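Q: Construct all of the structure, not just a fragment, from the sequences and the given hints.
Chains A and B supply the protein sequences, listed in that same order.
Here the first sequence stands for residues 17 to 508, numbered as in this note's numbering.
Here the second sequence stands for residues 82 to 308, numbered as in this note's numbering.
Do not rely on the hints blindly, as some may be mistaken.
Output of the computed footprint for chain B on chain A, the stretches with three or more beta carbons under 8 Å from beta carbons of chain B [unchecked claim]:
1. 105 to 119
2. 124 to 133
3. 139 to 148
4. 320 to 328
5. 383 to 392
It should be emphasised that the hints constitute simulated quantities derived from the structure, not laboratory data.
No experiment lies behind these values; they were computed from the predicted model shown.
Don't be surprised by glycine CBs; every beta carbon is placed ideally from N, CA and C.
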Amino acid sequence: MKRLYPVIPLIEQRAAAAHVAHRADPQTSEALGYPGELVDDWHERAVARLGELVSGNRALRVFMDSCTRCGACTDKCHYFLGTHDPNNMPVARQELLRSVWRRYHTWTGRWLPWLVGARTLTRELLDDWYRYFHQCSECRRCAVFCPKGIDTSELSMAGREILATVGLGQRYSQTIVEKAGRIGNNLGLKPAALVDVLENLEEDLLEETGVPVRLPLDEPGREVLLVVPSADFFAEPHVDGLIGTAKLLHAAGVSWTLSSHASEAANVGLFAGSVDHERALAERLVEALRTLGATRLVIGECGHAWRVAASRLPTLVGELPMLSRRRAEHLCELSAELVATGRVTLDASRNAEVVATYHDSCNVARGAMMGNSAEGAFELPRTLLRAAVPRLVEMADGATRRETFCCGGGGGLLSDELMALRVQGAEPRARALQAVVEQEAVTHLVAICAICKTQFSGVLPEHGLRQVRTASLHALVGQAVVLGHGVHGGRA
Amino acid sequence: MTELAARLAGPLFSLLLAWSLGALVWRLLRWARTPQPVPIPLTPAPRSRAGVIARLAGELFVFRSLLRATRITWLSSLALHYGLLGILLVHARLLMPVLPAWMVPVLQVSGWATLACLAGIVVLAARRVLIDRMRYISVPSDHLHLVLLAAIVLSGAALKRWWPTDLHAAGQFLRGALSLQWQPLPAHAGLWLHLTLVGLLILVFPISKLVHGVAIPFTPTWNTRGR
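A: This is how it looks when you write it as structure tokens:
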């Protein structure tokens with residue numbers, strides 16, 4: 017297949033310098049334990065916090081030492097390919113932090129800064145930290161190609177945490193972390209509002225299908241606690257995924273519930289680089305499990321949520337002995353099992369007009385696993401999709417599976433002021449999609465991440481792909497579910 | 082004066098080796114002792130210990146990720162590293178007072194190893210100068226490491242082929258430096274040049290990016306099992 021980028025773009029210095037994420041409100045930062053404004057001794061505090069983070073994190077420690085600036089990553093970041101700004105080359109982004117590390121924390125950098133490329137932390141450089149650590153979606157694509165296994169997202173997270181420490185928090189992530197910690201979800205939906213939303217969905221479902229499909233909330237004694245991203249409660253096309261999930265679980269007779277306490281799958285604590293906040297959000301899942309007495313924790317269509325649940329949950333909150341499967345499960349794992357065991361039947365002809373292509377979301381592809389095989393995170397969603405639609409088409413090699421391109425809106429960048437950057441960052445995905453639209457008449461871009469769906473709905477029209485529908489995987493699965501077929505009232 | 086320098090060369094060389102080894106061990110311990118707060122496997126990740134070892138071996142010995150990234154860099158890096166390995170093996174001859182039979186075929190790789198190493202260095206250096214992205218990210222020490230390596234390889238090749246020195250005396254010097262029973266360094270400008278450059282490499286090895294290979298087993302994205 018033809019290469020997506022036969023020619024790598026030339027660099028254009030500071031081409032993306034105008035894209036600056038909004039700063040957090042002082043009250044929000046203070047509520048999270050950070051200063052509300054840039055502190056006077058920011059220089060000392062930033063250098064000290066950098067030292068603390070490196071001393072307490074082996075990944076950072078190793079990554080400070082092991083980069084050879086070999087350049088393998090330079091053309092791998094979607095933001096570089098989209099903006100051509102050299103600071104969006106992963107190694108250059110890392111060097112923003114590493115050059116300062118060398119200057120203050122290594123002998124060679126202290127004595128021979130010009131020789132080893134060590135930089136003094138100036139106000140300008142601090143502003144570049146803020147600028148370019150918020151032009152990284154922490155998607156880890158560069159890490160796939162790094163011969164030292166360096167994960168730029170770890171440096172971006174560290175950079176963001178240092179910035180927050182000196183009073184330069186980012187509005188998007190901090191607002192969400194604060195809201196999710198206080199109310200239980202990123203949108204700040206209170207339990208009463210959630211009840212309304214779900215009742216409305218049940219009414220719609222009854223009208224549409226004639227079957228009383230339930231969307232249970234806070235019902236104790238259910239087997240499965242399903243935690244979805246809060247966007248699934250009403251945003252388009254997310255909500256179709258929740259509806260589809262409800263149909264599927266109804267048809268299979270799975271005993272399940274949602275929780276108002278843990279009404280958010282996404283864990284934005286991860287974006288911001290604060291393990292403490294990440295842990296606090298993760299603990300809500302455990303609390304909901306305990307209160308409701310559920311024995312299976314199933315995570316819906318959300319990339320970061322699944323990375324946290326699959327790879328990090330036991331470290332954050334300890335083992336979860338109440339879980340019958342010993343670990344959190346992904347909705348795709350549950351659905352694939354229901355399909356494979358015949359508890360639901362999918363009829364692909366109900367999606368007759370759909371030609372689908374699947375977008376591997378970065379945190380699912382590179383941050384977590386599914387099922388029993390190493391490639392499960394790539395295969396299970398595709399297996400479901402093949403069962404649900406008549407035709408599934410693959411995008412170019414290098415744009416899918418472990419090498420998948422980020423949607424361009426992940427990692428805390430899904431805010432309006434960054435729209436121009438998000439459009440540019442989506443360029444590689446749009447290119448790959450454009451090719452299959454032309455060659456294979458693809459109609460639907462399918463994703464299992466709330467951020468991807470919001471991002472694509474917004475930016476694909478900017479790339480001349482207005483005709484392509486962004487779809488939740490479980491919307492198509494739900495559409496194909498044969499209702500009233502399967503074992504009712506049984507347990508999954 | 083020259084004679085004093087020739088006598089001091091041995092202890093100095095021992096000192097350099099001790100520094101390099103000591104600093105390297107200190108660095109390894111620092112990596113090993115730093116906690117990893119949250120696991121960060123880069124998936125798909127192996128679920129077994131054997132799988133993790135295989136993954137690390139693939140990265141260490143065949144540079145798998147680099148192959149995925151860019152063919153030219155991969156090929157030139159392989160040439161450089163395996164060329165260096167060949168050269169080091171040939172240098173093992175200097176550690177042995179008599180030539181063992183098994184060493185004979187090893188010595189045959191000398192020319193090829195030198196060529197491979199130099200070719201690798203030339204391509205990697207050219208990339209740093211010719212490609213605008215590489216120019217942007219390169220710092221002076223990046224270029225100088227390549228220049229230093231090239232100078233070492235070229236001076237060594239010269240000693241073997243065009244600027245002959247007494248290799249037995251050189252071997253005695255090296256064995257002396259390793260066993261702390263120091264021998265004077267033979268008076269040969271080419272040998273002095275070569276060893277000065279090698280000394281510089283040994284000096285900077287543990288405090289520069291040259292430690293990258295040793296860091297690979299400690300890399301949490303790779304050495305963590307997937308769940």
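Q: With reference to the structure, classify each hint as holding or not holding.
A: Hints, one by one, checked against the model:
1. 105 to 119: Since 4 is at least three, the answer is holds.
2. 124 to 133: Coverage by chain B holds for the stretch 124 to 133 of chain A (5 residues, Cβ < 8 Å).
3. 139 to 148: violated (count 0)
4. 320 to 328: holds (count 3)
5. 383 to 392: holds (count 5)
Violated hints amount to a single one, hint 3; each of the other numbered hints is respected by the structure.
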